[in-house]
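Chains as they are written, first to last, in my numbering: chain E, 973 to 1168; chain P, 20 to 483.
It should be emphasised that the hints constitute simulated quantities derived from the structure, not laboratory data. Ideal Cβ positions, reconstructed from N, Cα and C, are used throughout, including at glycine. Treat the hints with care, as some may be off.
Claimed, not checked - Straight-line Cα separation of at most 35 Å, DSBU-like style, residue types lysine-lysine; simulated pairs:
{"#": "1", "chain 1": "E", "residue 1": "998", "chain 2": "P", "residue 2": "472"}
{"#": "2", "chain 1": "E", "residue 1": "998", "chain 2": "P", "residue 2": "423"}
{"#": "3", "chain 1": "P", "residue 1": "407", "chain 2": "P", "residue 2": "472"}
As the list claims (entries may be wrong) - Residues of chain E placed beyond 12 Å of chain P at every Cβ, according to the derived structure:
{"#": "4", "residue": "980"}
{"#": "5", "residue": "1001"}
{"#": "6", "residue": "1002"}
{"#": "7", "residue": "1028"}
{"#": "8", "residue": "1133"}
{"#": "9", "residue": "1151"}
{"#": "10", "residue": "1168"}
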Amino acid sequence: MSARDRILERVREALRDRDAVEHPGKFEGWRPTAASQPINGLIQLLEAAGGEVVRQPNVDAASAWLASFCADFESSAVGETVPHALRPPLPSGTPDTAPLGVSLARGGVAETGSLIMDARDGRRAHLLVPTHVVFVHAGDVYATLREALIDLADDLPSAIGFHSGPSKSADIGQILVRGVHGPGRLVAVLIESGDL
Amino acid sequence: MSFKGPAKYREEAAKTIHEKPEVRASITAATRTFDAHRVHAWGQIDADRWRDWARDVKTHVLGNLDEYLEQAEERLTANGAHIHWAETADDALAVLSEVVHAHGIARVVKAKSMLSEELGVNGHLEGLGVHVRETDLGEYIIQLLGDPPSHIVGPAIHLSVDDCRSLFHERLGTPLDAEPDELAGAARVALRAEFLQADLGISGGNFLAADTGTVALIENEGNIRLATSLPRVHVAFVGIEKLVPSLEDVSGFLQLTARAATGQPIGNFVSLIQGPRKNDEVDGPEEVHVVLVDNGRTKLLADDAAWEALRCVRCGACLNICPVYRQTGGHAYGWTYSGPIGAIIAPGMLGLEEAMPLPHASSLCGACTAVCPVRIPIPELLVHWRQKAAEQGLTPAAETMGLKTYAKLAQSPELFRAAGSVLRHVPLELGGRALPVVGGWMQERSAPKSSKKSFLQMWKEGIE
């Protein structure tokens, strides 16, 4: 008998006379704002968690914003799925040396103030850079985390990260510090209409 | 320093309070902050409904655990992950040895994982000659100090800023008056090098979704995302009680756990890990191993009452509110899991004799169960274990003798009155010190003065 079989056998033995309880059904969560306006919830919570939010009407405007934002940086690490128009006019650097990372989120979540980062965009550029700019299309923002996970389950990469604020810790005397490991600055750029 | 086992709980607790009053101050301040955040976060939601839902999902999973484990195994295997089953800590560590040898692992980065503490992962790796580095800031601090964690969520809350200043000054060369920002910056630099050089990342798992084979992890620093993304191999140790039916269900648990632990809507970083890097991905580990760990959990599951403790999501809310835990922090409990939750899972996982006297490390005030996000009836389970301990003769002999004597006296009004009369005429201050149990109690306390008359006499004369 393998360890697997012995563990399963002990589980079955333990449950022999125990009544089963039905699954209670779907999780009814919390919406920070009306479901018809999910981006408002996303903005509210991301900012509360220490993130910055920039709203742009379309890709062209976002591209112009990026060009001026880039003036302060010397190079950038860019995600694999970032469309051409949103690639910064900077020399490309590796994620472990570039001061700026530019990524495209697969979507957002209003309920938790999260950006959905797909491994197919490249994980290192999401994590190693001190400043992380993330583009997200307003049409890809879900009202609840549950709806987001139901959709994601149909097409899962090796890993997904939900980024809901900059890296932070209060492990030293309960005092909040930012940028402990991951990006200390998170800038979400909401593209409110048009195609990416 | 590692954990000494629960047997010396009373002595260790007393020692902490007398010899390190600053620990009590740090722990009380930190836990009060955690709890205030929880109160605020629960005020924004229908917490009662969320908790009912979470309790029922967990109870449902535990009642069908064999099926969900098989489903998770099948899905993770289909995702390309390697599944291992470990009956004991030694089995789990043997898997780690295999991975280390197969891949020639020299350097390891670790994400915070209470299960890895329970298993003794760091000591094992050091024994294999592997360099292992904790990367959660709190875990990094206590690893440098050689301390075990004192809290499930905040492993270093027993330390003050000054403690960290002197440690970092000595180890990383920061100035003695450095602010926390500067200290964290120095840790970032030191740990960044560790991340980039490591061959293996080790994590735990907060939840394991059976339908997609997803290991879900919550954090705020980003070190878990890094430890599970950068090294070429990732090993996740997951307790078999961490199963949830679906990825959809994970949505509720991520939010409830974050709100219970730190009062956030969700951790700033969540990782959902299905398996190794796919062909269309540019980075991520080439190999992912998920080790499903029993190590006493099926023993707990088999207990007709205490199985409910397996619903625990390790948020630490019961530690934060516990008036007993707040006095000492976690070290005195002598085991990985401290506070109320530790006191009810230790007897099931370690064996009751080994876990004594932890079921007594509580005033049964019930604050813990009032805040538990999965509604574990903690006080009832403490009493459950106390009762079993009494049945098995594991209570102190003097206490048993004292209670038996009292039972005899209380059954006869004449004897009871006679004994009362004797006690009223012996000065407690002198007599008490000579008695077992009472003598120990009185080393720190003065005795009340005896009444001249018995209650019965006063009653007959008319009490004013």
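Okay, the hints, checked on the actual structure:
1. 998(E) to 472(P): Violated: residue 998(E) and residue 472(P) sit about 65 Å apart, past 35 Å.
2. 998(E) to 423(P): 53 Å, violated
3. 407(P) to 472(P): 39 Å, violated
4. 980: At about 5 Å from chain P, residue 980(E) fails to clear the 12 Å cut-off, so the statement is violated.
5. 1001: Its Cβ does come within 12 Å of chain P, the nearest being 6 Å, so this is violated.
6. 1002: 5 Å, violated
7. 1028: 24 Å, holds
8. 1133: 5 Å, violated
9. 1151: Given that some Cβ of chain P is not farther than 12 Å from that of residue 1151(E), nearest at about 7 Å, it is violated.
10. 1168: Holds: least Cβ distance 19 Å, greater than 12 Å.
Of the numbered hints stated above, those contradicted by the structure are hints 1, 2, 3, 4, 5, 6, 8, 9, listed in ascending order.
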